Structures are given as C-alpha cells and as structure tokens.
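> Spelled out from the first residue to the last, the chains are:
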Amino acid sequence: MKHAGIYYLANSTKYYLAELEVKDDSIKIFNVDSDKLIYKANVHELINEISIQGNSTLIRFPDGSSFIPDDPSLKWEWDSLSSKLIRKITNNLKSLVLIILLTPLFLFFALFYGMPFLSSEIANRVSQDSKEVISTNLLKKLEDEYFEESKIDYLEQEKLKKEFHKNLSDLNINSDNYRLMFYKSDIFGANAVALPDGTIVVTDQMISKLLNSPNLIMAILFHEVGHVEDNHGLSQIIQSLGVGLIITLIIGDAQGLSDALVGSGFVLVQQSFSRKMEVEADIFALESLKKLEMPVEDFSNALESIMDLDEDAYSPYKNYLSSHPHTKKRIELAKEYRQ
Amino acid sequence: MKETIFNGSAGEYFKIWITNLFLTIITFGIYSAWAEVINKKYIYQNITIDGHRFDYVAKPIQILKGRAIGLMLLLLVGILSVFNPMLYVLSLIALFIATPWLINKSLSFRLRMTTYRGVSFDFRGNYKETFLYFMLLPILSIFTLFITLPLFQKFGAEYSINNYSFGQKTFKSKLNAKEFYKAYLFIGIVFFVISSLSGFIFYLFPYAGIVILPLSYITLIVSFSSIWTSIIRNHTFNNSELDGIATFDSKMDIVAYTKILFTNVLALLFSLGLAYPWVAIRNIKYLSNATSSDFNDGVDSVINNSIKNDSAVLDEVAGAFDVQL
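Just so you know, the protein sequences line up as chains A and B, in that order.
Just so you know, the numbering used here puts 186 at position 186 of the first sequence, and the rest follows in order with no gaps.
Just so you know, the numbering used here puts 484 at position 145 of the second sequence, and the rest follows in order with no gaps.
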C-alpha cells in the first residue's frame with residue numbers, strides 16, 4: 001500500500017509530492033508526477049524521530065531527507081518505544097483521567113510535603129561552621145540596613161544573657177552555640193530574630209515592652225530557640241530555591257505574563273511553610289516553659305503585649321499572605337496547651 | 340499572500356501537556372527535557388504556511404545535559420551568595436561579562452532548532468554588537484532620562500532581525516523609531532487612565548480594594564504587553580523581508596489582543612494553571628491568523644548552510660540562564 005505525502009530533500013527547501021511504499025524492511029519513495037523511484041532505504045537505517053499525538057509522523061532518512069505523510073493517523077511500526085507508550089497513555093481515557101487527578105495531587109504533595117521534608121533533611125546536615133558563615137553574613141547585612149546600636153543598659157543585657165543560658169542548660173540544650181544580642185531597630189519594631197547558627201537578636205523595642213517581666217522575654221526567646229533547634233531558617237532558604245525550581249519547571253516556557261502568577265503562587269507556598277514553622281516554634285516554647293515549670297501563660301501574655309491585636313483583625317484574606325499564623329489563634333493554641 | 344494556518348486544538352494539547360507534566364513530576368524533573376521537545380513539536384508542527392509545516396528539532400538528551408550543567412552553575416552561584424560574598428560578587432561580574440555571549444548562544448539555539456521545509460533558521464549576532472544594543476545603550480539611556488530608549492530599542496530590533504537567517508538567506512529590516520515612541524506613548528496613556536481610575540474607585544470604596552487592586556494590576560500588565568507586541572510586531576513584520584524572496588504582513592489589533600490576554604490570565608488564575616494549554620493555543624492561533632507572508636520561487640532553492648550541531652549542549656546551558664530578548 002502506498003501513502004501520499006511530501007518528500008523533502010536533505011538540507012534544502014526543495015520537495016516532491018510523493019508516495020511512500022513499505023514492503024517488509026524496505027521503504028521506497030516515488031515521485032507522484034513521474035511515478036519514478038526517487039529514494040530507497042531500509043527500515044533499520046531510519047533516524048529516530050519523536051512522533052507527536054495528532055500530527056503526521058515524520059520519517060527521517062539516513063541522508064537527512066524526510067517524508068511527511070498527509071494522513072496524521074498513520075503510525076509506524078518502527079516508532080520508538082517511548083512514542084508508542086505515550087500514545088497509549090494519551091489515547092486511553094482511564095489513564096488520562098488518572099493523570100488529570102494525580103498530577104495536581106502529586107504537585108500538592110511535592111510542594112507542601114516533599115519540599116519541606118527534603119529541605120529540613122538537608123538543613124539538618126549543614127555543619128555548624130557553615131551556619132556560622134551564613135549567619136555572620138546575614139547579621140552584617142542586618143546591621144548595615146536595619147539595626148542600630150542598642151540603648152539597653154549593659155547590666156540589664158548581661159542579666160538577660162545569664163538567665164537565658166541558665167535556662168538553656170536546664171533544658172538540656174547545648175548553650176555554647178547560642179548568643180543573645182541586642183539592637184535597636186525601628187523597622188523591626190518589637191521583635192526577635194533567630195539566625196541559623198544560634199545567634200538570637202532581640203530589639204530594644206521588645207525589651208522595653210516586656211522589661212518588667214523577664215519571664216515573658218524568656219518565653220519569646222524559647223520560641224526563637226525552637227526555630228534554631230529545628231533549623232527553620234536554613235530549611236526556608238533551601239525550600240525557596242526548590243519551590244522556585246518546581247514552579248519554573250511547570251510553567252517554564254509560558255509567556256512573560258505568567259511571571260506575575262508564578263510570583264504570587266510562590267509567595268503563597270512560602271508563607272504557608274513559614275506559618276507551619278511558627279506553630280512548631282510556638283509549641284517548642286510552650287513545651288520548654290512546661291519543662292522549666294514556668295507558667296505556660298507567659299507565652300500568650302508575651303504575645304499579647306508585643307503584638308497589635310487590632311491590626312491583625314483587619315482582613316480575613318491576609319491569612320494566606322501572612323508569614324505568621326493569626327496572633328489570636330496562636331494565643332488560643334497557647335491557652336489550649338495549658339489544659 | 341499566503342496565510343499562516345494554525346491547526347492545533349486545545350483538547351489535544353491538553354492531553355499531551357498533562358501527560359508530560361505528570362511524567363516530569365514522577366521523574367523528579369528529568370523528563371522535563373522530553374516534555375519541552377514534545378510540547379514545542381506539537382505547537383510548531385501545527386503551524387503551516389503554503390502547505391508546509393514548521394518543526395522543532397532539538398534532541399531531548401541535549402536539552403537535559405544543558406539543563407543539568409546550567410542548574411549546577413546556578414546552584415553554585417546560589418551557594419556562593421550565602422557562603423562567600425566575595426566570590427559571589429566575582430561570579431556576578433563574570434555572568435555580566437558573559438551575558439552577550441549567552442544571549443547570542445541561546446537565541447541561535449532556539450532558531451536553529453526551528454525548521455521550515457527542512458531548513459533551519461539561525462541568529463548570527465556577535466558579542467560586541469549584542470553588548471552594545473542590549474546592554475550598553477539601554478543603560479546609557481538612563482542619562483537621557485530614558486528619552487532615547489525607544490530609539491535604542493529600534494536599533495536593537497534592527498540588529499537582531501538583520502542577523503536572523505533562514506538557510507543561506509538573511510533577513511533584512513528597516514524600522515522607524517516613531518513606532519517605538521508610539522508604543523510607549525500608548526502605554527503611558529493607558530497607565531495614567533487605569534491607575535487613576537482604579538485609584539479613584541479604591542478611594543470611594545476602600546473595601547473593594549481586594550478586587551480592584553489585583554484586577555487593575557492584571558489589566559495594566561496585560562495591556563502593556565498587548566500594546567507593545569501589537570505595535571512592534573506589526574511594524575517589524577511589515578518592514579522586514581527575507582533577502583528578495585519573502586515579505587511579511589502582521590495585522591494585530593491591540594483591543595482584540597488585549598481581550599485575549601486578559602481572559603487568558605483570568606483562565607490561568609481560576610483554573611490554577613490547568614487552562615495553560617487552552618491559553619497557549621488561543622494565543623498562537625491569534626498570532627498565526629494575524630500573520631501572512633508573500634514569497635516568490637526563490638523560496639524553493641534555500642539551502643541549509645549551517646550544519647553545526649556540536650555546540651548544542653553549550654547553547655542549552657546558555658538557554659538555562661534564560662536570557663530572553
């Protein structure tokens with residue numbers, strides 16, 4: 001049987017309307033106008049081509065010339081195994097439905113479970129030396145851009161440091177890596193920041209809000225220790241690299257428009273990790289208070305004093321964009337924990 | 340005049356795309372190289388002019404190697420940014436110096452992998468001019484408060500088109516800076532109208548902000564992209580030719596194209612990306628329908644004169660840095 005199509009010469013726009021004949025292992029091409037044989041080849045010499053579902057499958061010959069049949073439904077026996085497999089999958093309704101259901105599911109697990117797991121595993125394997133290098137760089141950046149020298153009284157600082165380290169050793173945590181530092185920062189406000197190597201920065205604004213109750217300061221510090229012990233900071237850096245990679249893989253060659261979409265999807269995923277970590281650190285703080293036989297209300301009281309609750313109540317949509325869980329929810333969690 | 344015909348269907352492309360996506364995920368991204376080739380082949384092979392189809396001829400394995408190397412380089416730069424700021428800055432400088440070369444390589448790769456009637460396209464830009472038109476002049480235009488930017492972009496567009504080729508034939512283009520200024524003027528007017536309008540609505544109904552702000556952001560981006568693409572594409576197609584054998588015509592309409600892009604973005608958003616195949620097919624269908632070409636017998640005797648496939652991996656590494664013009 002002959003198949004009508006176009007025969008293209010190698011490396012040239014020249015072509016013939018042609019017919020292709022397959023007999024056993026030999027392929028012959030005839031010129032339609034003159035019925036003369038123009039090319040002959042063996043099936044085993046063909047150069048592998050990827051065939052595409054729904055399109056005519058091109059046959060590439062060893063000299064570089066090619067034949068495209070008119071009939072798109074025509075498929076060849078010598079097609080590569082992978083082409084055949086994919087044709088099978090896409091043509092089978094059941095497998096297609098399965099793929100349509102599984103793909104979003106896999107993607108969801110990859111983004112929300114696979115990546116967090118993988119990045120915390122990697123983060124846990126980073127050495128203390130490396131963490132120190134990263135943290136020194138980070139701290140320098142923070143000092144340059146956001147931090148000013150602390151105005152907190154030196155003796156007060158020393159007192160807090162001493163108590164912090166004593167609590168750490170009571171909690172059986174190696175306190176050598178921990179270092180408490182004080183800075184004034186208008187941008188950070190009343191806040192505390194944990195760096196990967198165990199450096200914990202507390203702002204003057206926070207100290208002055210909680211000055212009369214050092215136990216509340218300790219509760220906040222335990223939260224930060226939770227971040228350090230579980231390597232949250234590093235995990236987050238690794239996650240952001242991984243998630244960016246996954247998202248570009250999916251919509252990689254979409255037009256420039258999708259950049260905005262990719263960006264917003266990225267933020268949503270990142271912030272959800274971040275909220276999860278905050279909850280973990282909250283639980284760590286509550287457990288530490290319990291172990292030290294300090295009142296667990298200290299933590300919710302500390303949150304209440306440093307967070308502006310009214311501001312938090314502003315919009316329900318903000319939930320998905322926020323890096324921290326809702327403060328009221330955090331306080332509720334802390335209260336539940338007491339029981 | 341020969342019409343450009345696009346025969347792809349959203350349903351068919353969806354099947355291919357979702358299967359590719361699935362295989363990419365379960366192979367941890369390794370299959371993405373095959374996915375890219377298959378997706379592109381589907382699109383290219385469905386574009387026909389005068390009864391002949393285009394094709395995308397890259398080999399997945401080349402793309403995979405290129406991506407692997409590119410990824411490792413990017414990872415290295417990423418690690419340096421955290422651990423060694425000094426080396427990081429040096430690597431950024433190296434990247435800056437390499438950028439014109441990366442642009443040339445990745446553009447050339449993309450075009451060489453595109454064929455029509457068995458003959459490849461190509462880009463033969465050189466380091467010096469790519470640096471001049473795509474990096475130096477745009478930076479220098481800062482000192483003219485960007486007033487000369489459209490003019491420089493005209494130079495850049497002319498430079499790239501004049502270095503495009505199809506087989507042994509090169510493209511030629513003579514452009515007018517007026518059109519580039521016109522595009523910016525339109526963009527400026529649209530920006531003013533939309534932002535003041537949405538600002539006004541936001542002022543009246545602050546609680547509508549959650550809808551108004553994202554909506555006006557999308558409208559702005561979509562209309563900028565539509566204005567620029569329509570005006571510049573029409574102008575460049577209508578004023579370019581393939582060395583005595585072909586001329587081109589593009590009739591894009593800003594309003595019609597804006598509508599398509601706008602609904603495309605909404606479809607992507609509300610389908611969480613699942614509408615991507617439909618969006619892509621719609622976009623290409625519109626662009627194809629708006630494009631026609633005219634050629635004489637000379638088109639039958641174009642021959643491939645660049646048979647150099649050895650640097651493909653290097654080109655794809657360049658592609659991995661995703662330098663787009």
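No lab work stands behind these hints, which were simulated from the structure alone.
Please read these numbers as outputs of a predicted model, since none were measured by experiment.
Hints may be right or wrong, so weigh each one.
Unchecked claim - Using 27 Å as the maximum straight-line C-alpha spacing, the simulated BS3-like pairs for lysine-lysine come out as follows:
no.: 1; chain 1: A; residue 1: Lys-166; chain 2: A; residue 2: Lys-291
no.: 2; chain 1: A; residue 1: Lys-14; chain 2: B; residue 2: Lys-379
no.: 3; chain 1: A; residue 1: Lys-40; chain 2: B; residue 2: Lys-379
Stated by the list, open to error - Across the chosen pairs, the derived CB separations fall in these ranges:
no.: 4; chain 1: A; residue 1: Glu-77; chain 2: B; residue 2: Ile-533; range: 52 to 60 Å
no.: 5; chain 1: B; residue 1: Leu-524; chain 2: A; residue 2: Leu-333; range: 26 to 34 Å
no.: 6; chain 1: A; residue 1: Asn-124; chain 2: B; residue 2: Met-425; range: 25 to 33 Å
no.: 7; chain 1: A; residue 1: His-3; chain 2: B; residue 2: Asn-644; range: 56 to 64 Å
no.: 8; chain 1: B; residue 1: Phe-539; chain 2: A; residue 2: Lys-151; range: 24 to 32 Å
no.: 9; chain 1: B; residue 1: Leu-413; chain 2: A; residue 2: Glu-132; range: 20 to 28 Å
no.: 10; chain 1: A; residue 1: Ser-26; chain 2: B; residue 2: Lys-590; range: 46 to 54 Å
no.: 11; chain 1: B; residue 1: Ile-533; chain 2: A; residue 2: Asp-176; range: 53 to 61 Å
From the three backbone atoms N, C-alpha and C, an ideal C-beta is built for every residue, glycine too.
> Now tell me if each hint is right for this structure.
Hints and how they fare:
1. A:Lys-166 to A:Lys-291: Holds, at about 14 Å.
2. A:Lys-14 to B:Lys-379: Holds, because 24 Å separates the two Cα atoms, which is no more than 27 Å.
3. A:Lys-40 to B:Lys-379: With a Cα-Cα distance of about 30 Å, the restraint between Lys-40 (chain A) and Lys-379 (chain B) is violated, given a limit of 27 Å.
4. A:Glu-77 to B:Ile-533: 52 to 60 Å: 58 Å, holds
5. B:Leu-524 to A:Leu-333: 26 to 34 Å: For Leu-524 (chain B) and Leu-333 (chain A) the Cβ distance comes to about 56 Å; the hint is violated.
6. A:Asn-124 to B:Met-425: 25 to 33 Å: This hint holds: roughly 28 Å between Cβ atoms.
7. A:His-3 to B:Asn-644: 56 to 64 Å: 32 Å, violated
8. B:Phe-539 to A:Lys-151: 24 to 32 Å: 45 Å, violated
9. B:Leu-413 to A:Glu-132: 20 to 28 Å: For Leu-413 (chain B) and Glu-132 (chain A) the Cβ distance comes to about 25 Å; the hint holds.
10. A:Ser-26 to B:Lys-590: 46 to 54 Å: With Cβ atoms ~49 Å apart, the hint holds.
11. B:Ile-533 to A:Asp-176: 53 to 61 Å: At 58 Å between Cβs, range holds.
When the structure is compared with the earlier hints, violations turn up for hints 3, 5, 7, 8 and for no others.
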